[in-house]
Structure formats: C-alpha cells, structure tokens
Amino acid sequence: MTSPTRNPLRAGLHMPRTPDPCALVVFGATGDLTARKLVPALYNLARERLLPMGFSVVGFARRDWSDEQFRAAMKDGVSKFSREPLQDEIWESFARDLHYVSSDFADPAGYRRLGERLTKQDQAHGAGGNRLFYLATQPTAYAEIAQNLKEAELSRVADGSWTRLVVEKPFGRDLESARKLDRSLGAVFRERQIFRIDHYLGKETVQNIIVFRFGNGIFEPIWNRRYVDNVQVSVGETVGVEGRGGYYEESGALRDMVQNHLMQVLALVAMEPVASFTGDAVRDEKAKVFHAIMPIEDIAGSTVRAQYTAGAVLGEQVPGYRQEPGVAPDSRIETYVALKLTVENWRWAGVPFYLRVGKRLPKRATEVAITFKTPPLQLFRQMGSEGPTPNLLVLRIQPDEGISLRFGAKVPGTRSDVRPVNMDFRYGTSFGVEPPEAYERLLLDAMLGDSTLFTRWDGVEAAWELLTPVLDAWASGVSPLRFYEAGSWGPDEARTLMERDGREWHRM
Amino acid sequence: MAPDVAAGIERLDDRAIAVDPGAIEGEFTKIWRATSGAASDESSIRLRVLNFVAFAYEAAGANRFREVMRALPQRYPCRGILAVAAPGQRQLDASIAAGFWRSSGGARHICSEEVQLVGGAAQEPELASAVLALLVPELPVVAWLMDAPDFGGRMSREILETADRAFFDTAGQVDTAAVFGHVLRAGAGREVELCDFAWGRIATWRELVAQFFDGDEGLRQLSKIQSIEIDGGGARLSSESLLLAGWLVSRLGLSLAYLAPSGGRIEATLYDGTRGVTLKVARGADGGAAPVREVRIRTGTALLSVGIHPESGHMHVREQREGGLSRRTVASPRGDDASAIAAALDDRADPTIYAEALGSALALLAAPAPDA
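If you're matching them up, the sequences are chains A and B in order. Under my numbering, the first residue of the first sequence is numbered 1, with each subsequent residue one higher. Under my numbering, the first residue of the second sequence is numbered 509, with each subsequent residue one higher.
Excised from the complex, chain A in its bound form:
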C-alpha cells in the first residue's frame, strides 16, 4: 500500500489519497444488489472524484449479456437508486469502464476469459494488476468461485499489486458451515485479503457510536457497570419477507440479523477504547467483547423466538409469515428474536445486554438504549414527588438518526415535582446533508485496503460459537416457537423476559 505522505501534493488535502488503480470484479453482477447498491455507490464515488484513474468494473454472471446490455441495466439501476441524480456526461465517462463476462461460476473457461479481460484492462489503463473480487452471489457459490479464481491464477498477487475479496453476508449458517467456508476461502486468500461486509458498519450512525463514545469526554467515565443498568439493542422492521420467503426459510431472524448486525452494534457499544482508529485495533477490541460474552446457559429462559401471524401494520392488513410466498405453511422459522446476553469483563460484569429484532413490528427503528442506574438517594420521593425515572440515552441508528438523553427536571411551580424530559440531537437538523450510502464508504475502504469497518473471522466465529448452541437448542424444541400478531411489539414472552429482571423494553 502506498503511504499517504509520499505524494507531496496530498499534503493538506481532504483525502489522504485515492485508491490505487484497480479492477472491481462483481460475481453475480446481474443480481439485485449490483444494480441497487453497488453500481449506484460506484457512480457516486466516481462523480465525487473518489475513484482512481484506471478504475474499471467487470460484471461476471451466467446471463448472456453483452457489455452494452450490462451498461444499460446498470444505468437503469443508477437512475432509480442513486442518491444523486444521474448526469449523462458523468455516466458516459463512468460506463466506458463497465464490462461484462458471461459465464457459469463453475466454468473454468469463463475465468480464463475474465483473466484476459482484466489483462486487457490493465494494459489499457495501467491498473497494475490490482483486483477487488466482490461476491454478490448466493453464499453456496463462494467456495467454488474462490477455487476457480485460484485455478485461473487470478487470486495470485503480482509484485507490487494487491488482490482482495469482498464477501456479502451470511457467512455460514452455523459454526460448522462458517468454519468450512472460512477454510475454503482461506485456501485461496489470506485473512487480510478478505473483507466481510456488514453494511450496518457502513452506516454513518453506527460509526457515530465510536465517535460519540470516544470523541466526547463526558460519556466514557459513566459507560460501565457502576452507572449503567442495562443496554438494549433493538431493530424493528415493519416489512415482512418482501418476496424473499425462500431465503428467509433458510435463515430466520437470528442468522439474518442477530449473528451479524446486532452483534456488531453490541460490540461497538461495549468495546474498550482503541489506541488508534485502524482496522485491527478496532477489530481486536470487538473480538475481546465477543469472547467476553458468556455462553447462554439457560436458553429457554434467556431467549424468545417467535413468528408473526396476520395482522395490520401501518394501517394495512398483512398476511402471516406462513402465508408469504415461498414460505412453508408449517414453517418453524423465527421472524422475531429477543435474547439476553452478559458481557463478563471488568467494565460490564453484571450488566445485561438485551437484543431484539422482529419483522412486522409497528414501527421501523434501529436503536441502542442505555438505561442508567437511579441515584442512590430518592431525595424527591421524600418530598412527595414520584421517584426518578432512570436516565436513558438512546442512540437512534435509523430512521431519524440521532441521540436523545432523558433526564429529570423540576416542574415549574411551588412543589418539587420532577418530570422526565428529553434532550434531542438529530442528524438532519444539525448537518442537513444526505449521508453517503453505506456501500459507498465500504467499497472505497475495500479499495483502499482499510478493513476497520469489515468483520474479521475471529469475530464471526465467536458470534457463531455463541449463537449456534441457541440454534441447536431451538431445533430440539427448547424455547418453543411463539407467535405474535403482525403490528404488535412481539410475543408476550419477550415482555416476560424483561419483567423477570424487573425491567421493561424501551419503547421505540
């Protein structure tokens, strides 16, 4: 990697450097992700001068498309999904470097053609053999693609160049399959070459958890077991499976959301300060958190799984999960999970972390709620006022990104009544700009070789080590599947989980 300080013209500029010239190869390029997220993100990076000269994209998929057909499909995607409107002059310039190779993922001849195309690109643009392979395919194809890249010598790193692999979630469906996948990829790529995307980590507000904690002096001193009563990470979705019933039948909420997104957010909330904001420093601290989470012994008492039935969401009648297309009429897959974890380290011993995620809930929201302990002396209760409501700090990740702090204030008047009030910070009102899409940041980081916002194998493995026993226990009937009406906040058992601890879920 080139040191940012070596180019004297970079001194004082906003960006320390742009990525090296490279080719991005997207496997599964005719899929939804490429047209909806990846190419619009690349277009915006190009538009904003963040891509290097000599950058090109090669789509690789089974469909029998030409370069022109690929460009037309991607133009349509950018027109519909880009955060900035498509401008023809910029698009034409960007599209010149979009290419397509049609091949089955299993066909060695396709990889040879890909190699020839990349060599041609290198010669034309001086890309220097730098490659970013992006697996936007079904996970079942990952191992095969990696192996074929190796056999076609496309994974080989030439002198002075780099090769990286970007992998979409899910990374395995349990500990064993994740390890098997890791071995397959590890046989071709080294860990430092593998960038596992968790798009939650590309969200501005998730990154702001770190800034909020370590960029301010006032929160970190109270961010521990002495002051914090409990932490709740909640993800509410109003949507159902949105036509992805087949996929969801193979995953469920624990695999789809908890194992990756919620665990990553939990780690950012719980981790220790880092000495530097670099890839391994942050990921080392997150790994320590994962290893400090105690295995869930009482799975029946500490987890709740449930599935939505028909109901009304946002004023509309919606079918139950089992009535969704692609879903078995007797499906046992969970669309809702609540669970309690404990992080047994010096900072958090005894503080419960509650996680919940559900589809077809009344509201779309992702939040981290930190409830603080009440003051040791109930001073105002003695004066006839109600007891204090605990201070609550809410980090809102979406929508209405922001932070709010609840504290007690005296009600004006002659009595000493205390009423909880909220102090709100909203991203939109303070910055007034549309944040870049998560994929823009993550693609740029992958090209720059910055792995800070990507998950490392030890973190993935630790999350599976923790959650695979839960999946196994559920499969054997421990913690029976519950049901909740679409449009409700989940099953009663989730409320009971909190009530047993004398707590309640934060109202989103």
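These are computed hints drawn from the structure, not numbers from a lab. Watch out, some of these pointers could steer you wrong.
[Said to hold, decoys possible] Below, in silico cross-link-like pairs of lysine-lysine (DSBU-like), each with a Cα-Cα straight-line distance of 35 Å or less:
#1 A/Lys37 with A/Lys150
#2 B/Lys538 with A/Lys410
#3 A/Lys288 with A/Lys410
#4 A/Lys37 with A/Lys288
#5 A/Lys363 with A/Lys169
#6 B/Lys732 with A/Lys120
Nothing here was measured: the structure is a model prediction, and the numbers come from that model.
Given the coordinates of chain A, work out where chain B should sit on it, guided by the hints.
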C-alpha cells in the same frame, strides 16, 4: 468531499427593529416560541452551530449576504450578522429575519437567525460594538470580509480579534500581487485562520492533480515532470491560476531559475536541484469565465491534464501514458458563495500550505515576498 449546499430554507421576511441587542434577542426568542407546535407535535429546535459575521462597505453586499443565508444554514445552522458601513448612510438601522428547516415530521426548526446592521462610514465603531453584543456565546465566530481582504479597517480589526476564521477573496482585485502580499503579511502572527475563497475554488483542481501522483507509478511520474501549463480565463491572470501555480511550485520544492512575466502571462524555468521544469501560466485564447480552464502536466512518459467543460461545468481528466489513454468526467463543486463557505468550513486545511502557495505565487509575479 464537502457536499454542495443549495437553498432549501423557508424564510421569514425581514422586519425592521431598533439597534438594540436586547430587543433583537427578545424578538428571536418570540419567533422561536411562535414556531413551536404550529404544524407538528414535534418540538421546534433552535439550531446554531456558529456565528457568521459579514462586513461590507456597499449596500449591495446585503443581497449577496441574503443569498448565502438562504443556503448555508442548511448545512451550518447559524446566526448570521451583516454589518454594512455604506457611504452616504447617516443613521444606524437594523432588521432581522429567520430561516426554518422543515423536518420530515413537519416541524419547523429555526436554522438561521439573521441580523442586518446598516450604518454610515463614520459609524464603524457602533456597528462593531453591536456585532460583538449579538454574537451567540460559546459558538465559533466566522468573519467574511465581503469587499476585499482588508484587515486594517476599524470594523474588521475589532471583529477579527474575536473571530476564529476569516473568509475573503483574493480574486477580482485590481492588483493581485499587492493583495497577495497584504494577505501574507496579515496572516503572519495572527491567531485567526485566513481562508481565501480563491484557494477554495481550486481545491478540486488540486485534488485531481494530486491524484495523478498517488501510488508508486504516480510517484515515479512526479520525479519526471518536465513542464506545467496552466490556462486561466477572465480578463487577466486570475488569482486562482496563480495560486495553483504557486501551490505546484511550493509543494514540488521547485525554485525559480528564470522568470519572464510579460503581457498577462508567466513563463518560468524552475529547478529542483536535479532538473529544470518549465512553467507557463496564461489566459486561455478564448477567454471564458472560469478562473482556471486547464492544467497540463507533461512528464517524460505521460501527458496529464485536467480541464473544465465550459458549458456543463464538469471536469475532464485525461492521462495519456505509454500504452494507453485513461479519461473520465467528474462533477465540479458549485461555485456560489454559500457552497464555497460550507466547503471551507468542512475542510480544516493546513494554513501553511496556502501560505507557501501564496509566497510562491508572489515570486512568480516577481513581487518581493513581504517580511514575515
């Protein structure tokens, strides 16, 4: 990269008021209370992240200030104060206005509080004192010298004492060398950070030129630079093209060996200890409004260029190396005042880079560098 800002703020029209800071504060509080609960159950927030103080010596400055306040607070909610010391004005007048940002829930949040103070040339002390009294405590103060980078006027002196950053524009001045020298002198030993719009306008040019030399191959090209040509637009050599030339000369560590300034162009031979580099700065043959139109850098094995399309305003980048041509088109930032100010506020650049570029530009104009 700093996003552009665009006008998107609802505005409460100007209303005249006595030049009384207490009354002005009271009126802003009333406006805030009146907006709460009007269209939503969401509470109305009063947003201010900085004090934005502008000075002008002509009444026309008010329109320019108002345009900025229509857009800038969308990105930087602020209290904006304009002080005009206009010739012929005999009394001190004040007016206020407010701007609102509407949330997705329908609430109106106050994001700009504007005060315009207009007095005569003799009333600079009163204007300065009113401005100081109206600054929101604890927030940074950004001053904008609208007419010229004059740091010596009564009003400027007093406000700059409390300002964190001062914006001005070295472009469009009659004697560029004198202005550069003046700014260089003013920057020395002052705590306020000086921000030149002309320097901001070439940020994209600097970024795109720097990109040519990222990476190992780029660094190899850097040591092979043979010539640099900068074409500017406008009636004479623009401040921007001179600063761009000065930046390249200073960052590349080149010293001046021979200089032939003549008739609105500069031709120089520079030396880096091992080789000579020719530099040409000229106005483009067909004029045009863009202060910089094209930069061409020739190395031993490549021709690198950045140019701006006169109609679309997009920037075209070309890299002709052995074996192939790479080119692309990228967006260029909007050139309006509000976008320039927002970009400069976003970008905490190293002021020494600017000062060094300014010093080299002065040398190219054959003007003696002022003593620090």
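Comparing the hints with the structure gives:
1. A/Lys37 with A/Lys150: Status holds; Cα separation ~27 Å.
2. B/Lys538 with A/Lys410: holds (23 Å)
3. A/Lys288 with A/Lys410: Cα-Cα ~42 Å, so violated.
4. A/Lys37 with A/Lys288: holds (32 Å)
5. A/Lys363 with A/Lys169: With a Cα-Cα distance of about 25 Å, the restraint between A/Lys363 and A/Lys169 holds, given a limit of 35 Å.
6. B/Lys732 with A/Lys120: With Cα atoms ~26 Å apart, B/Lys732 and A/Lys120 stay inside 35 Å; holds.
Hint compliance for this structure: hint 3 alone is broken.
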